[in-house]
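A.B. asks: What follows is each chain in one-letter form.
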Amino acid sequence: MSQPSAFQMPKPVLAIEGLTVSFDGFKAVDDLNLYIDRNEVRVVIGPNGAGKTTVLDLICGKTRATAGSIQFENRELTKMREFDIVRAGVGRKFQNPSIYENLTVFENLEMSYPKGRKVWGALFFKRTAEVIERVEQIAAEIMLSDNLHLQADLLSHGQKQWLEIGMLLMQDPALLMLDEPVAGMSVSERAQTAELLNRISKGRSVLVIEHDMEFVKSIAHKVTVLHQGKVLAEGSMDAVQSNPKVIEVYLGH
Amino acid sequence: MNPTLDKFLGGKQGAIGLAVLATLILVVFPLALDAFRLNMVGKYLTYAFVAVGLVLCWGYGGILSLGQGMFFGLGGYCMAMFLKLEASDPESTKIQSTPGIPDFMDWNQITELPMLWQPFHSFGFTLLAVIGVPVILALVIGMAMFKRRVGDVYFSIVTQAIALILTVLIIGQQGLTGGVNGITDLKTLLGWDIRDDSSKMILYFINAFLLFGCILLGRFILASKLGRLLMAMRDKEERVRFSGYDVASFKIFVFCVAAAFSAIGGAMFALQVGFMSPSFVGIVPSIEMVIFAAVGGRMSLLGAVYGALLVNFGKTYFSETFPELWLYLMGGLFIAVVMYFPNGIAGLWESHGRKLLGKLSRKPAPLAAPAPPPEAPATSSQPRELETTP
Chain V
1 MSQPSAFQMP KPVLAIEGLT VSFDGFKAVD DLNLYIDRNE VRVVIGPNGA
51 GKTTVLDLIC GKTRATAGSI QFENRELTKM REFDIVRAGV GRKFQNPSIY
101 ENLTVFENLE MSYPKGRKVW GALFFKRTAE VIERVEQIAA EIMLSDNLHL
151 QADLLSHGQK QWLEIGMLLM QDPALLMLDE PVAGMSVSER AQTAELLNRI
201 SKGRSVLVIE HDMEFVKSIA HKVTVLHQGK VLAEGSMDAV QSNPKVIEVY
251 LGH
Chain X
1001 MNPTLDKFLG GKQGAIGLAV LATLILVVFP LALDAFRLNM VGKYLTYAFV
1051 AVGLVLCWGY GGILSLGQGM FFGLGGYCMA MFLKLEASDP ESTKIQSTPG
1101 IPDFMDWNQI TELPMLWQPF HSFGFTLLAV IGVPVILALV IGMAMFKRRV
1151 GDVYFSIVTQ AIALILTVLI IGQQGLTGGV NGITDLKTLL GWDIRDDSSK
1201 MILYFINAFL LFGCILLGRF ILASKLGRLL MAMRDKEERV RFSGYDVASF
1251 KIFVFCVAAA FSAIGGAMFA LQVGFMSPSF VGIVPSIEMV IFAAVGGRMS
1301 LLGAVYGALL VNFGKTYFSE TFPELWLYLM GGLFIAVVMY FPNGIAGLWE
1351 SHGRKLLGKL SRKPAPLAAP APPPEAPATS SQPRELETTP
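Sequences listed follow chains V and X, in order. Residue numbers in the first sequence follow our numbering, run continuously in steps of one, and reach 253 at the last position. Residue numbers in the second sequence follow our numbering, run continuously in steps of one, and reach 1390 at the last position.
Chain V with its partners taken away, still in its complex shape (with noise of 0.2 Å):
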């Protein structure tokens, strides 16, 4: 659907219309439309199979898209190439933390810092003051200042899915999408991820997948309920909740 008034709306950070991806034929996605706004904080829930990860797959290239637009900051992400993709502002986690074990936490930040991404950047890249300074200031934001220079694999779980939100954050995107960012963490970790998130989303927008709904309370502006590939329903999480369609969904078979 199209916005009638859209020069006095603010444009949306990521438009998605019409966005179907099949595979041998099963349409993961169907004819999906979303929009996130600038600021804004999405949560994508959906039964196992509804198509929340390949959405993101999409969105940053991993996947190719059968048909359909993804638009961010005005810019068709479906044929750019994955590097572009992040090099114009989408950052995105993976489910598992992915991280690179064999290097220090500092050397993992480092890593994302958006300069020497090339052959001859990378090997006469210098680590200055200025990347020390990054580096550290994440560090902190990501509550790792302490572990800077612990090889990553030491780490707990809940940290290294700090870790790599904080790889992420280096390259400070508009647009950062996590998927499920507190799969696997203890109370007081989610909790820790809860607040960190309503930080870093100031001036950027998120984009996140996940089950646990106390943790979709606590940071959701907006929730988004994916079911085979399509849109079930859209809105806050008390109206979302109490939608027939989306208990159906849960609790029906």
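Hints in this document: simulated from the structure, not taken from any laboratory. Each residue gets a CB set at the ideal place from its N, CA and C atoms; glycine is no exception. Some clues are possibly wrong.
[What the hints assert, rightly or not] Computed beta-carbon distance windows for the label pairs:
id, chain 1, residue 1, chain 2, residue 2, range
1, X, R1148, V, N39, 20 to 28 Å
2, X, G1213, V, K118, 18 to 26 Å
3, V, E136, X, G1124, 20 to 28 Å
4, X, V1180, V, F26, 40 to 48 Å
[Unchecked claim] Once the Cα atoms are required to be at most 20 Å apart in a straight line, the calculated EDC-like pairs of lysine to aspartate or glutamate come out as:
id, chain 1, residue 1, chain 2, residue 2
5, V, K230, V, D30
6, V, K79, X, E1238
7, X, K1236, V, E101
8, V, K118, X, D1246
9, X, K1236, V, E180
10, V, K118, X, E1237
11, V, K79, X, D1246
12, V, K222, V, D179
Since chain V is already given, all that's left is putting chain X on it; use the hints.
C.D. replies: Structure of chain X alone, referenced to chain V:
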């Protein structure tokens, strides 16, 4: 210390390891070995170039090429072509039906020097070609494979196939390449006789210095952000890609560097041994070179040199003593490395040798890992002892 210099040397540990290897190669071998054996060590050290390249692209980059022989061979052929042209002046080839062209061309009824050979009259062009031709081939293979995300075992198989194709091509084009015999009977380099003992000694030292140059360059690459990226790509390729890096371009780069190192080794081989043949291009030599790197330790630049020396000493010893058994021993050695000491000699040194040295010197053993400095995260482990010198 100057940080750039430090990058090349790899910190204090790295500098000591380098000094030990340099003493071994530049002092001990030349003093202890006769001219024949020293020339043989020189030959082994040309393989070490390939092994050092493999540490970069396989050990750190995770790209297992089973076709490094093609780069070694191409570098060697480029050098051999120049030397052959010099050895084929009209005066010394006057008994041929066409004097002034390489002897094998004459045997193949070729009456004119082929176009491909013409530029190899120039030494400058030859030096350029020694590096340039293999690097361009690596670039083409790398672009074709890595841009399409062909990786892992598929890449290994493709490199093997290309090495085989190149061998078949060289053998088939007898008039152009000397066929299965290769290019033999090389005599002088710019008028300087490369066959007598004193020139072989000089070539040995040139070879050694070039090898150390490659090791230092390798260290510089590994100490840079690019080195950490290689490891990151090996372990978490997706994460690197979705952190804004064009993964393929880094793989192509390190593959080209490994190719260039191999090519220098090949050219030095042609100079020191006096011939080049397809038997250094194909699958078997390529796999042998992987074994050198594996035995030495695929994460250690210096280890690769020890690996090349050790396996070749072993090969010479065993093939002189039990010629039939050698291949089985080599296979057994590779299996043992993979199963029991995956980090090779360098890994053994890290886990046992260092401790032993600590006990021997009767100092309190240093703490296992006193928080590595942030600059040198996973620096390659270097064996510091002279492993074996038969």
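A.B. asks: Are there hints from earlier that the structure breaks, and if so, what are their numbers?
C.D. replies: Structure breaks hints 1, 3, 4.
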